[in-house]
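Novice: Chains Z and R, in that order, are what the protein sequence lines are. Heads up: the first sequence begins at 1 in the working numbering, then just goes up one per residue. Heads up: the second sequence begins at 1 in the working numbering, then just goes up one per residue.
Keep in mind that the hints are not guaranteed to be accurate.
[As the list claims (entries may be wrong)] In silico BS3-like links for lysine-lysine, alpha-carbon gap of 30 Å or less:
no., chain 1, residue 1, chain 2, residue 2
1, R, Lys159, R, Lys194
2, Z, Lys76, Z, Lys116
3, R, Lys194, R, Lys155
4, Z, Lys12, Z, Lys75
5, Z, Lys155, R, Lys159
6, R, Lys159, Z, Lys116
7, R, Lys116, Z, Lys159
8, Z, Lys194, Z, Lys159
9, Z, Lys155, Z, Lys116
10, R, Lys76, R, Lys47
11, Z, Lys159, R, Lys12
12, R, Lys155, R, Lys116
13, Z, Lys194, Z, Lys116
14, R, Lys76, Z, Lys155
15, R, Lys75, R, Lys47
16, Z, Lys12, Z, Lys76
17, R, Lys155, Z, Lys116
18, Z, Lys116, R, Lys116
19, R, Lys116, R, Lys159
20, Z, Lys75, Z, Lys116
21, R, Lys12, R, Lys76
22, R, Lys12, R, Lys47
23, R, Lys319, Z, Lys159
24, R, Lys319, R, Lys47
Keep in mind that the hints were calculated from the coordinates and are not lab data. Just so it is clear, the structure is predicted and the values come from calculations on it, not from any experiment.
2 protein chains.
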Amino acid sequence: MNASNAISAYRKQIERELFDHVIPFWERHSPDPEHGGYFNCLDRDGKVYDTRKHIWLQGRQAWMFSTLYRTVEQKKEWLDMAASGIRFLRDHAIREDGRVWFALTADGRPVHIQRKIFSECFYTMALAGYAHATGESRYLREAEEQLERVWEWSKDLAKVGRPVLEGQTPSQALAIPMILLNLIEEVTLGEGGKYRAEIDECIRRMLLHVHPDRQLVFETVAPDGSFIDDPDGRFLNPGHAIEAGWFLQHWAQRRGDRELAETAADMVRWSFRSGWDSEHGGIYYFLDSEGYSPVPLEWSMKLWWPHCEAMYAHLLNYKLFGRESDWQAFAQVTDYSFAHFPDHEHGEWYGYLDRRGNVTHRFKGGPYKGCFHVPRALWLCWNTLREMEVS
Amino acid sequence: MNASNAISAYRKQIERELFDHVIPFWERHSPDPEHGGYFNCLDRDGKVYDTRKHIWLQGRQAWMFSTLYRTVEQKKEWLDMAASGIRFLRDHAIREDGRVWFALTADGRPVHIQRKIFSECFYTMALAGYAHATGESRYLREAEEQLERVWEWSKDLAKVGRPVLEGQTPSQALAIPMILLNLIEEVTLGEGGKYRAEIDECIRRMLLHVHPDRQLVFETVAPDGSFIDDPDGRFLNPGHAIEAGWFLQHWAQRRGDRELAETAADMVRWSFRSGWDSEHGGIYYFLDSEGYSPVPLEWSMKLWWPHCEAMYAHLLNYKLFGRESDWQAFAQVTDYSFAHFPDHEHGEWYGYLDRRGNVTHRFKGGPYKGCFHVPRALWLCWNTLREMEVS
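Excised from the complex, chain Z in its bound form:
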């Protein structure tokens, strides 16, 4: 198969997966006709096994359907689906002070709040996506206001209840600047607008995690970027580092910053190389940079989302740099993913495999898996492959 045929073959495979197997699963099983929003805890066949609604996933699903409506086809069902989530989120998920719950009952009463800012981030992402889908500026204003609050909290997590204790090692987490950078992309549709200084600050902070001498991207570093020699400092999260790579790449391209573009591409390549399980295939969930056993029990499992991120990140690298090895990496992770995660009997992807690639959890949606990483990655890859087909 020549390169152009391979591009078309992947485009077709991904297109079928997205529009025939993934999106229909959520359209069919997730809507809550009584209270609005989405059931996100769905068993293999779509049956609701927990009626609680997790706000990360309510926000992400509203964003996803808004974005499909805006970029793929103005289907009324997609906009209605997004609108239902937005109504539920605005009516129930946010407190007066702007804090956003982590989980609600089906009818919107709070069950759980995290001492983190991610619920707030995905709430903001949903509003931004819906604003751009509908053109209704009041949602964009709300998203901007919420982004401003999140920005302030991100500088001092004590404000969302994280205890500050004397023995803690001063550190910063990659998760914070990367989600903020992605939020600015979603709020401004990649324009950046008034957020120039904030974008610079996110990029600066993200690059502190990139250690070219080791060809590693550390999840947690000291405030000056230096290595912390404890399990937190040694912690590698290849999927996260790969996702951070393509978040950065989008800004590098917009800014025409070639050095940043090379670094962002390398973050993906290095993290894929160190994260790939050469014995059983797939990307490890976590690793320890010095080769110790990572402490989290799930470290050697293969989760859907790092593979989703890696598919798009490698494809983007290939499109931008044309290196054969980037294409090979895209094909490797895409072939692994399609061989292990999809469930063509009931739709959507399984989320969790053991190290050897056996499915360990049959559900399609849970407190941390919903209508997001699979369709976002497929949509991004589909767009990219179509651009490549045309060019």
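Guided by the hints, dock chain R onto chain Z, whose structure is given.
Specialist: For chain R alone, coordinates are given in the frame of chain Z:
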């Protein structure tokens, strides 16, 4: 092999394991000569991979060495080991209000606090064990005072910072009454003393989790003991239910309560039956009572501690009731454990296996695994087998 030979063979195997392979590992690698207390994050060969000290494990190790000194042999090294932990705990682990940190730096500065009462419980257990080992009554008074505080907090976890939210389903966790009942056993050396009403209350609450109609022990139930049909309510933790069984059995024996004794024995038998993986062997970490995929990523892993609890619980059942099936269950779980967990090259047991029994984490000690479940179970089994040899 006849029964008496089998008893002696297991007694010898367990004796060697405890005194030649497990206790020496902690004696050799865990002491911190500089600051006192114990390094509890130890790699396969005993190397310290994280210098932080986790208070659950500091308390449990101090209790373990105190108890070995009191019941096995008055070795000065064992008492010194216990004393070092007690000093570190009293100097650093407790706040003025009685709250106990979850993790400290090696030199005793706080890193993490939980919104739970377990650090406080294991702190109390350590003081009680040390008081009984030394006969020094001031430690017992401190343990009693701390038990009183923990008892109050256990009635309202909002007092330790757990948020109370409108959408939460009223429920109670088996973990709370079972640890309190065990604490009273440790503080009073099984006498009960002035805690008659508290013991009654713990037993009453624990029995709410036992559903004989289903032959299941639920981790979380409604305040009246009824089943909650969501992932929390359907959650089964076989190791925990088995441990709760032998905690209850000790009081049933002391009180001569035959009905309670039968129930406690059944808790162990039912939980072992429903928790055993008939395909790959070993006890599942978690299950869903209705057969859904449990949400925690580690549900199908085989952890050391449920197996430790099951060894002793079945042996105790057999000693008390003489049923051949209890002996078979003891042999089954003990043989599985000895085939999978010990590391005779470096000592102690591995803690974590995948569903198929492959070691997934090479370390011997971590934030939740230390000098406790393995030596406690071996010590309990050794005592029980010796009593059976004599009789």
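Novice: Is Lys319 (chain R) close enough to Lys47 (chain R), meaning Cα to Cα at most 30 Å?
Specialist: Roughly 39 Å between the alpha carbons, so the hint for Lys319 (chain R) and Lys47 (chain R) is violated.
Novice: Given the proposed pairing of Lys116 (chain Z) with Lys116 (chain R), does the C-alpha separation stay at or below 30 Å?
Specialist: holds, 19 Å
Novice: Within 30 Å, alpha carbon to alpha carbon, are Lys159 (chain R) and Lys116 (chain Z)?
Specialist: Measuring from Cα to Cα gives roughly 21 Å; hence the hint holds.
Novice: Can the restraint linking Lys12 (chain R) and Lys47 (chain R) be considered satisfied, given a maximum Cα separation of 30 Å?
Specialist: With a Cα-Cα distance of about 29 Å, the restraint between Lys12 (chain R) and Lys47 (chain R) holds, given a limit of 30 Å.
Novice: Would you mind confirming whether the straight-line C-alpha gap from Lys116 (chain R) to Lys159 (chain R) stays at or under 30 Å?
Specialist: Holds. Lys116 (chain R) to Lys159 (chain R) sits at ~10 Å (cutoff 30 Å).
Novice: For Lys159 (chain Z) and Lys12 (chain R), compute the direct alpha-carbon distance and say whether it is at most 30 Å.
Specialist: At roughly 57 Å apart (the allowed maximum being 30 Å), Lys12 (chain R) and Lys159 (chain Z) break the hint.
Novice: When you check the alpha-carbon spacing of Lys75 (chain R) and Lys47 (chain R), does it fall within 30 Å?
Specialist: holds, 25 Å
Novice: Mind checking the alpha carbons of Lys155 (chain R) and Lys116 (chain R) for me, to see if they're no more than 30 Å apart?
Specialist: holds, 12 Å
Novice: For the pair supplied as a hint, Lys319 (chain R) and Lys159 (chain Z), is the alpha-carbon distance within the 30 Å limit?
Specialist: violated, 56 Å
Novice: For the pair supplied as a hint, Lys75 (chain Z) and Lys116 (chain Z), is the alpha-carbon distance within the 30 Å limit?
Specialist: With a Cα-Cα distance of about 35 Å, the restraint between Lys75 (chain Z) and Lys116 (chain Z) is violated, given a limit of 30 Å.
Novice: Quick one, are Lys116 (chain R) and Lys159 (chain Z) close enough, alpha carbons at most 30 Å?
Specialist: The hint holds at about 21 Å.
Novice: Need the status of pair Lys159 (chain R), Lys194 (chain R): alpha-carbon distance at most 30 Å?
Specialist: holds, 25 Å
Comparing the model with each earlier hint shows violations of hints 2, 11, 14, 20, 23 and 24; every other hint is respected.
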